[in-house]
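Following the hints, put chain B in place on chain A, whose structure we already have.
The primary structure of each chain is shown beneath.
Protein chains: 2
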Amino acid sequence: MATPRALSRLATRALARRPALHQTTRLSPRTIAPSYTPVRLGSTLPPRSAAFTKPTEDHIKAIRALLSSNSSLISTIDGTATAEDLQSYNDDWMNKYHGKGPIVVKPKSTEEVSKVMKYCYENDLAIVPQGGNTGLVGGSNPVHDEIILNLSNLSQIRSFDPVSGILVADAGVILEAADNHLAEQGFIFPLDLGAKGSCHIGGNVATNAGGLRLLRYGSLHGTVLGLEAVLPDGTIWNGLSKLRKDNTGFDIKQLFIGSEGTIGIITAVSILCPRRPSAMNVAVFSLPSYEAVQTVFGEAKAYLGEILSAFEFFDKQSYALVKKHQEENGGHRSVFEQEGDFYCLIETGGSNAEHDEAKLTELLEHLLSNDLVMDGVLAQDTTQFHAIWNLRELVPESAGKAGSVYKYDVSVPVGKMYGLVEKMRTRLRENGVLDGDGNPEGPIRAVAGYGHMGDGNLHINIVANKYTDEVEKIIEPYIYEIVAEFDGSISAEHGLGVMKAPYVHYSKNETSIAMMKQIKQLFDPKGLLNPYKYIV
Amino acid sequence: MATPRALSRLATRALARRPALHQTTRLSPRTIAPSYTPVRLGSTLPPRSAAFTKPTEDHIKAIRALLSSNSSLISTIDGTATAEDLQSYNDDWMNKYHGKGPIVVKPKSTEEVSKVMKYCYENDLAIVPQGGNTGLVGGSNPVHDEIILNLSNLSQIRSFDPVSGILVADAGVILEAADNHLAEQGFIFPLDLGAKGSCHIGGNVATNAGGLRLLRYGSLHGTVLGLEAVLPDGTIWNGLSKLRKDNTGFDIKQLFIGSEGTIGIITAVSILCPRRPSAMNVAVFSLPSYEAVQTVFGEAKAYLGEILSAFEFFDKQSYALVKKHQEENGGHRSVFEQEGDFYCLIETGGSNAEHDEAKLTELLEHLLSNDLVMDGVLAQDTTQFHAIWNLRELVPESAGKAGSVYKYDVSVPVGKMYGLVEKMRTRLRENGVLDGDGNPEGPIRAVAGYGHMGDGNLHINIVANKYTDEVEKIIEPYIYEIVAEFDGSISAEHGLGVMKAPYVHYSKNETSIAMMKQIKQLFDPKGLLNPYKYIV
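Sequences listed follow chains A and B, in order. Taking the UniProt record's numbering, I'd label the letters of the first sequence as residues 1 to 536. Taking the UniProt record's numbering, I'd label the letters of the second sequence as residues 1 to 536.
Among the hints, a few may not be true.
A few chain B residues facing chain A, derived, Cβ under 8 Å [as the list claims (entries may be wrong)]:
no. : residue
1   : D251
2   : I252
3   : I257
4   : K301
5   : F336
6   : S351
7   : K359
8   : S491
9   : A492
10  : L496
11  : Q518
Dumping the calculated SDA-like pairs for lysine to any residue here, alpha-carbon to alpha-carbon at most 20 Å [stated by the list, open to error]:
no. : chain 1 : residue 1 : chain 2 : residue 2
12  : A       : K118      : B       : T511
13  : A       : K416      : B       : G226
14  : A       : K517      : B       : Q518
15  : A       : K324      : A       : P413
16  : B       : K118      : A       : A514
Derived by calculation from the structure, the hints in this document are not laboratory data. Idealized CB from N, CA, C, for every residue including glycine.
Chain A on its own, in the form it takes in the complex (with noise of 0.2 Å):
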C-alpha cells in the first residue's frame, strides 16, 4: 500500500516526467466525430404521414415575405441553396441520420419565429426546430421534407446580473459563449457538455442536457428559471420569470425542459449561475471491486462535501482501451504502480484552494491508510488535471479506435450501476460472442464500463469487430429489458429523438405514456413539430 506521503511523490513521478499526453478536456463533436465509427440505424425510420403538407415554392415565397432578410430562408425548392448547402443542416454530426428537408429558414427575432411558426401552422407544414445540431439520437434532423428552423440567429444574450447571478439569453446563443461572458464576471454557467463549442443553450434547456457539472450545480429543472417559447400555432409565451421563488400556479416552463422541441420552440431561456469556483483539482484511483468504488463515493462525499464537483468511473477495459489508444498515439506511461478492475476520478472545485487540498488531502490520507483504493495520484499542476482527466474521456474515442462500437447510454441505480454491464458480459459469453473480454478471436472484443458515478449514469461501450444483425440481436432488446428490470432509463442524457423513441416503453409505463400523448396532443393538435419522434 502506497502511504500518503507516497501519493504526492508518485503523483510528481507518474505525471511530470513524461510528454504530455492528449490535452483536449472537451471534445468538441465536430473534431471527434472522424474518429468514432458511425453507430448504425436501429430501426426503419417511420414513413412520411400525408397530414403534412408538401412545401412547394409559394411557401416559401409566403414564408421569405414574413422574414426582414432575404438571407434567413435558403431552399433547393427556388433554387437558393443547392442539397450540399442544405447538408450539414439536414445530417446530423455522427452522420448517422439524414434528412431531407428542402427548407432551411433562420428567424432573426421570436416574432420572426412566431410569424413562420403562424403560417406553418395554418398551412399544416411540419417543422424541426434546430439549435446546434450536436443531439446523438436524431432530434434535431428532419426525417423526410420537415422545414428546418434553425435558431442560429437569435444569438443575443439579453441580460446578466451579478447580484442575483441570473443570465438572459436568446435560446441560439452557444453555451460556451454563454459560459464565457459569464466568466469575465466570475460566473459560471450551471452545464459543461462535451459539444460546448457547437451547442445552443436554447438546445440544452429543450434536450435537459445533464453533462459534467450535473453532480455539482443539479439539473435544468432547478437551475432554469423561465423560458420564452413560440407554441405551435404561433403564440409567443412569455415565461421569461427571473424570480427563485414562483408559486403561482403550475410551472409550465418545466414540460418544455426536455420536451425536445415537440410542444413548442424554446426561444430565449433565464438561468440561475453560480459562481466560478476559483479554485480545482483532480485526482483518479485504483480500486479492487466495484464495491470499493462505492465506498469510496461514499467518502468522497463526507470528506469533500460542498466541493466535490465530479465523481467518474471506468472499469479495466476501458483503461485498457485508452492504454492502447494513447500507446499509438504518442505513447502512454504508466499512472499507477498497482492497476485494478476499477478506477475512480473525483475533482474539487471550491472557492478557496488552500481549504480544498486540505480536505483532498485527507480524503486521500483516509483512502489509503484504510486500504480502500489500491493506488492513486492527484495532479500537481493544469497539465496533470488534463492528463487525468484525459484518462476518463478518452474511453469512448479509444472505444470506437478498437473497432465497431454498440454505444448505450443509461441510468441505473448507483447500486446496480455495474450489475448491468457484467449481465450483458455473461450474455455475451453464454451466447458464444465472447470467449473472454478482449479476446481478438471472437466477435465482440470488449465490453467496456464508465460514466458519471454521481449521477448514475452509466456507459457501455460493446466493442465487436463489425456490426452484425446476429450480435446485435443478442444485445437488444436484452439491454432494454435489464435497464427496465433495474428501474433505469434507456435513455440518461440523450434523450429520445428517433433513435430511442420506439423503445421508451422500456423506461415509462403505460400511463406515464398516455399522459405525455395526451401533453403533446394538447400543445400540439396538428402534430406539426418535430414529428416521427419522441413519443410516437
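Same frame as chain A, now just chain B:
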C-alpha cells in the same frame, strides 16, 4: 469603524454576557398561531358548485367498505364524529379559513387512496387533499362540503440509499421525521421550514415549499426525483424514479410539484438528499443602505462560495419591532454599537469547521476594512447562533404583537426588492395614513420589510392599529400592481390556494393562465380535485 479584531470581541461582549434570548430557531405553526393577529379574508369565497354531488350516508357506507379499517373514515353524517372532531381538519392553523367538510377519510395505503378517488370520480364527489394542514392560503381545507382526504396514515419511510442519498417515503411522513431519519445517517432533507414538526413531505412537494435552505439546496423541482400519485379517476401513477438522469419524455412529475392537489394526490416522494453540513456559523451586520446589502450579498457569495447557506435581510423598522417585542419579553440587549437602516444575516454550512471559520473571517475582514458594513457580530457558540437567528426570525411574531398586520409574501428581482417597500411607504404617506414610520398617531404604525435575500423573497408587514376597508383599499390591488410592474410574483412560496387564486393574473399572463386551465382540464375534467382554488 470596528476593526476585524474588534468584531470578534464585540461579538463576545454583545451576546455572551446577556441573558439568553428566545432560543427558538424553528417556530412551530401551532405555537406561533396565538401570537399572530389572524389575517382577514380578502374576498368573498366562491359559491358551492352544483356540479358536485352532496355527500350522503350511502356514500359513507360505500367508501368505508373500500377501507381496511373502520376508523379510517369519520363523519358527522353517520354520527361517527362530532363537528368538533372535524374542526382541526376543516380549519386552517391561522384560524382564517373554515370549511364545512362532513367527511374525513384517512386511507392507509396508496391502493386505498386509489379506491376512494375512483369512487368519488364515479359519483362526482369533490375532494380536498390534506397533508399536515400547515398552509397559509387556505389550500388544504374544504371551502364547502368537499371530502377531506387526509394523508396522515401514509407515513412510512420506504427506503434510503446512503450511496446515492436518495430517500423514498410516503407522502404523509412529517418533514422533521424524514430529516431525523436522514440525520442518523449523516444526511439532510433538502428543505427546512418553520412548520417542519407538522407539515408532510407530500404537502411540501404539492405546494413546492421553499423555506430556509433554498439558497443552498435549490428548489424541489431540482431535488425531487420521482413521485407516486393517484389521478382524479383513481389511476395510480407510479413515477417514483430513483434516477438523477432520465431523459425519456416529458417530466410529468414537475406538473405535480406546486400543483396544490388540483391534478392528483401525491402518495409518495423520491428525493435526492445531500450530506448534512458538520459545521454551521452565523453572523449579523448593520448596514447604511439597501445598496450596501446588495453589495455584501455579492461579496458573501464570492468569499463563502459553496458554504453560503442563508442570506437574510431586514430593515430598521423590522429590527425596531423585534427590539420592542424582546424588551416586553425578557429584555433586549443591544447587539450593535452602530445601528443601521438595514441588517443582514449570513449563515454558512460546510463540511469542515476550521475552513468555514477561516472563510468567514476573511469575509468579515474584507467587509469591515472596506467600510461595506457599519458593525457586526459573529456567533461564538450555539446560544449566540440562535440569538442571532432570532433577530431575523422574530420579525413576523413581533409585528403581530404590535398591531393588526397586513402581510404580503412576494418575489421581486433582488435589485428591485426594497423599492417595493419604499413605494408602499410613499403610497401610504401620500394617502395620509402614514405620517411617519412607527408614528403611533396614524392608522399605520410601521411598514417593515425583510426576507430571504438570497431567493429574492420579500415579506412586507404593514402594521395598523386596526383593519379598515379604507387602508386595505389603499394597499390592494396597488401592491399587486407594483409586483407585476417589477416582474415579480404575488406568491413566492405560499402558493395560491383559495386566498390568492383571484389574483394570479398579476403574476401570470393570459397565455400562461390559458395553458394552466387546459392542464387542469386535461387531468381533472370533472374539476373534482381541490375545487374553488388555484386556477379558477
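A quick look at each hint next to the structure:
1. The interface hint given for D251/B is met, as the beta carbon of that residue sits about 6 Å from the closest beta carbon of chain A, less than 8 Å.
2. Interface restraint check for I252/B: the shortest CB-CB distance to chain A comes to about 5 Å, inside 8 Å, so the restraint holds.
3. Restraint check, I257/B versus chain A: the minimum CB separation of about 7 Å is within 8 Å; hint holds.
4. Hint on K301/B holds. Least Cβ distance to chain A is approximately 5 Å, under the 8 Å limit.
5. Nearest Cβ of chain A to the Cβ of F336/B: about 24 Å, over the 8 Å cut. The hint is violated.
6. The beta carbon of S351/B comes within 3 Å of a beta carbon in chain A, closer than 8 Å, and the hint placing it at the interface holds.
7. Taken as an interface hint, K359/B checks out: its beta carbon lies about 6 Å from the nearest beta carbon of chain A, inside 8 Å.
8. Interface hint at S491/B: satisfied, since its Cβ lies 5 Å from the closest Cβ of chain A, which is below the 8 Å cut-off.
9. Residue-level restraint check for A492/B holds (minimum Cβ-Cβ distance to chain A is 4 Å; threshold 8 Å).
10. Interface hint status for L496/B: upheld, as the beta-carbon distance to the closest one in chain A is roughly 6 Å, under 8 Å.
11. For Q518/B, the interface hint holds, the least distance from its beta-carbon to any beta-carbon of chain A being 6 Å, beneath 8 Å.
12. For the hint linking K118/A to T511/B, the alpha-carbon distance of about 16 Å falls within 20 Å, and the restraint holds.
13. Proposed proximity of K416/A and G226/B is supported: the alpha carbons are some 18 Å apart, at most 20 Å.
14. Annotation: proposed proximity of K517/A to Q518/B holds, straight-line Cα distance about 15 Å (limit 20 Å).
15. Under the criterion of a C-alpha separation no larger than 20 Å, the hint pairing K324/A with P413/A is inconsistent with the structure, at around 31 Å.
16. Pair hint K118/B plus A514/A holds up; C-alpha atoms about 18 Å apart against a cutoff of 20 Å.
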